[in-house]
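There are 4 protein chains.
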Amino acid sequence: MANFKGHALPGSFFLIFGLWWSVKYPLKYFHQKELKKNRLSQQQQRIEITEGAIKTAFAIIGILAEQFVPDGPHLHLYNENHWMKLMNWQHSTMYLFFGVSGIVDMLTYLYFNIVPLGLDRVVLAMAVFSEGFLFYYHVHNRPPLDQHIHSLLLFALFGGSISISLEVIFRDNIVLELFRTSLLILQGTWFWQIGFVLFPPFGTPEWDQKDMDNIMFITMCFCWHYLVALCITGINYFLVYCFLTRVKRHAGGEIIGIQKLKSDPTYQSALLSGSDEE
Amino acid sequence: MANFKGHALPGSFFLIFGLWWSVKYPLKYFHQKELKKNRLSQQQQRIEITEGAIKTAFAIIGILAEQFVPDGPHLHLYNENHWMKLMNWQHSTMYLFFGVSGIVDMLTYLYFNIVPLGLDRVVLAMAVFSEGFLFYYHVHNRPPLDQHIHSLLLFALFGGSISISLEVIFRDNIVLELFRTSLLILQGTWFWQIGFVLFPPFGTPEWDQKDMDNIMFITMCFCWHYLVALCITGINYFLVYCFLTRVKRHAGGEIIGIQKLKSDPTYQSALLSGSDEE
Amino acid sequence: MANFKGHALPGSFFLIFGLWWSVKYPLKYFHQKELKKNRLSQQQQRIEITEGAIKTAFAIIGILAEQFVPDGPHLHLYNENHWMKLMNWQHSTMYLFFGVSGIVDMLTYLYFNIVPLGLDRVVLAMAVFSEGFLFYYHVHNRPPLDQHIHSLLLFALFGGSISISLEVIFRDNIVLELFRTSLLILQGTWFWQIGFVLFPPFGTPEWDQKDMDNIMFITMCFCWHYLVALCITGINYFLVYCFLTRVKRHAGGEIIGIQKLKSDPTYQSALLSGSDEE
Amino acid sequence: MANFKGHALPGSFFLIFGLWWSVKYPLKYFHQKELKKNRLSQQQQRIEITEGAIKTAFAIIGILAEQFVPDGPHLHLYNENHWMKLMNWQHSTMYLFFGVSGIVDMLTYLYFNIVPLGLDRVVLAMAVFSEGFLFYYHVHNRPPLDQHIHSLLLFALFGGSISISLEVIFRDNIVLELFRTSLLILQGTWFWQIGFVLFPPFGTPEWDQKDMDNIMFITMCFCWHYLVALCITGINYFLVYCFLTRVKRHAGGEIIGIQKLKSDPTYQSALLSGSDEE
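Protein chains in written order, with this note's numbering: chain A, 2 to 279; chain B, 2 to 279; chain C, 2 to 279; chain D, 2 to 279.
Treat the hints loosely; a few may be bogus.
Repeated chains share a single entry, so a pair holds when one copy, or any two copies, can fit it.
Unchecked claim - Under the rule of at most 20 Å between Cα atoms (straight-line distance), these lysine to aspartate or glutamate pairs were calculated in the DMTMM-like manner: (1) Lys211 to Glu81; (2) Lys249 to Glu49; (3) Lys86 to Glu49; (4) Lys86 to Asp212; (5) Lys25 to Glu35; (6) Lys249 to Asp72; (7) Lys29 to Glu52; (8) Lys86 to Asp209; (9) Lys86 to Asp214; (10) Lys6 to Asp147.
If you're looking for bench data, these hints aren't it; they were derived computationally from the structure.
The shape of chain A in the complex, shown without the other chains:
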């Protein structure tokens, strides 16, 4: 869907996940500082599996929207000697990768003594890379502003892909997790921005897609979006800290909602066997 909704949909998906991560990782970080030994609680496991399920659901929604929109391909790929709506098929492929990533996330935390830790990160990195890969070959023969606004996205995507790959080796590093979160929020807001610039929704005037000044402004605007994403990540980090401090004071040292559990030796040995190469 090369229209406003087609950008607002992934934009919302990325934003929801980005905002959720900006709460989740600080929570995990402060929790780990308390309980050093138990590295994965049942609570955390349940959260991760839910996250994987929602990611998969978002991917399915995205694929269905791309396929069954009125001018979509309706799952027809080839017809009478020409390809059908390859644009929509490419978008579907992007969603499909995130769907696979969601399924691998669920498997990683459901069968944590079988699936090696880090596989979820590799598959997520490949999903983000493939999105960038498809966008890279996506924008030929379009007006300059259209090309430029999409190619800016590549910085967030390839940067994110490298950062996520690093998490295979430096897992549970809060700085890498927050960096990834900020890039995801950036991606979310930028998809909305693309929608507003290329397909002005509320009768606002069209942008001149060949004006050099517009391109210069959009470049700068991308930097501002990143600053906003950084601020949101920072504010959520701080709110989580305040919340946890307050809860702890009320409960007398115990954190509500995060159960202490008996350390699961099977899982921990899996963890150690995964991390002793580092």
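Add chains B, C and D to chain A, keeping to what the hints say.
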């Protein structure tokens, strides 16, 4: 051999090795989780040497096929002021690198107290890199689809090269090994795809090599190939797990076919001396 | 401000910080070799916070200079269907990133038990990256020499960005810190060089911006600047060593100006929790 | 000197150093496997300082040759409104970087309790990078074969630069050292190859610099050079092993020429302080 067979041959080689790796690395991983201390059994050593030998054999077959095909150069490089069949010579060079890599693999595991660990990975990385390097300069002055379909391969090659180089430092990391496996399977299936697209074998109609839509489809198709490669890797991983669990249940805790051996102190000190810089 | 002053201002900022770093990091390094256990003294904390404050102040000065220069945009972004002075706005954005980095530096050392270590480095890396990012899209449609002299800066910027990112994982590595210092000094001197070449201040003759020889000279000149930056870093390193040795001899083994302090257990646990993923 | 000698000179320098390294690093490696605790002997220190001195001498010879060749600039940079012989000045700058690297090598091993370990590697990496950097901007407006044959060098240079940078963190890793050695030998043989191709010395016919086939051959030839460099590195590695084994058998377990020394506590603490960030 710039024809169907010339792509089917390396495609089969890469596929065979990729499928084998997708079995081998899970086997090694689950085996290592059992026996933490003995890091290399005689069984494993024998497997690695056989693998090196087969790799070398494949390389020799490839070189012979490129050289002695009817319209090949028959080992003549220069004749009457012009170079002979440089295409075939370049392909031979690619095979030659993998042959050297196979020999180094054999040496690494035959004389493991002499050859430093990690050398096999560097040489393999260089073999994969050289393949990409030669392909990069290979495709000038060809139709757009031909150029594009070969250049997509570069993503698998340079990605694989970086990933294998990382194994020098993070050796025996199952996630890196599975990632490498999936890229190799991708390479294998993609060579077959190239053969089918550029040289349709069964009288299927020719592809229009200048049609933009074909290029867009091929880009997306490359992503699908990777998803298939991921699935194959995952399924084999799971089958190995099932097989090992079943064998263990039958044998009462002992794994058939993987002998426990006395820990070889020479090798282990070599291992430790190699890994203490990390 | 695309004039001499507009390059002399950031040049001075970078030079001041570069020279300061070339003193600070050797000081920290030799101090740490003495006191292994106490990894952060109050003195050091105070220095870091002051540095962050000065960085923020420089950024504010830069933004004000860009906005309120006579031909500046005076905070107007859009007016009568065209963008106002986007050049100055882009420069302001660059300064803004460094301002944010300064604020994060201050927060990291003020609330070191809340803010994760390494965040300051990520934000600084992003500030340097954004500067390179904006410069990359900045120089289209300019004379060749102008383009070239700015694009050389990108080597220092992207190199610096990678190096600073590595400090997230290998924090307090003196070699990375000195490398970063040398790149910052290079940036400082290069901004002055740009000012002198593009806007000769003292009535010196204009440079021919299309002469190939000028471009060749400027390329080589950039290398010389780096050699000078290396020398300055080295000399300051040596002077700090001499100073500390002399002070120690006078004071009988105690270093003046760097107080020993009781080890702060809160901070140290934060440090350990941040570094145990490495 | 854009002639045969101008390529044979650096070619010989790189070859001599490459061959020396292919002996030195195996020697160090096998020696370290014996004496685990004493990580730097006086013998080794003396070797490193001599190596630094020879490197500096080679650089000075190179600079003098470039400057005082009959058609050289004789240290004049600017004369009557035009730059003098910028080619030779650029080559001099390349040599100069290696000279600085040699001086830093000497300082690192002379004052090892002052200079941080790893600085020698950073400066060497920058010297190699600068060589690539200058070559990159060096080859505009030349015939295609000339451009191509120089740009192939960039792979060896930038690859080497990345590899040497990694040694800052993974110091004394034999695999990285051998990889660097092979790239240096490649560089040496390739400079000779450039000399033979662009300036045929013995009355051999000129190469057609626009023939596409020549370019294809040269690309493949570069790969062959790397294979030769790998073989030389491997053979020297094996010869060193044989030599050491034989010497040990004769001397009854003691290695001649490598003195055991009292462990120097100052140096070891410096080593430890340098490596505890890794």
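Hints, verified against the model:
Taking CA atoms no more than 20 Å apart as the test, Lys211 paired with Glu81 passes between copies only; the shortest distance there is 18 Å, against 36 Å inside one copy. In this assembly of identical chains, Lys249 and Glu49 lie within 20 Å of each other by CA distance neither inside one copy nor across copies; the values are 23 Å within and 31 Å between. With identical chains, the CA atoms of Lys86 and Glu49 are never at most 20 Å apart, being 35 Å at best within one copy and 48 Å at best between copies. With identical chains, the CA atoms of Lys86 and Asp212 are at most 20 Å apart between copies only, with a shortest distance of 15 Å across copies and 29 Å within one.
In the homo-oligomer, the alpha carbons of Lys25 and Glu35 lie at most 20 Å apart inside one protomer (16 Å), although the nearest pairing across protomers, at 34 Å, exceeds that limit. In this assembly of identical chains, Lys249 and Asp72 lie within 20 Å of each other by CA distance neither inside one copy nor across copies; the values are 54 Å within and 55 Å between. Taking identical chains as interchangeable, the C-alpha atoms of Lys29 and Glu52 lie at most 20 Å apart only when both belong to the same chain, with a minimum of 14 Å there against 31 Å between chains. Proximity of Lys86 to Asp209 under the C-alpha cut-off of 20 Å is restricted to the inter-copy arrangement: shortest distance 18 Å between copies versus 26 Å within a copy.
In this homomeric assembly, Lys86 and Asp214 come within 20 Å of each other (Cα to Cα) only across copies, at 10 Å, whereas the closest approach inside a single copy is 33 Å. For the homomeric pair Lys6 and Asp147, the shortest alpha-carbon distance inside one copy (16 Å) is at most 20 Å, but the shortest distance between copies (35 Å) is not.
When held up to the earlier numbered hints, the structure conflicts with 2, 3 and 6 and fits the remainder.
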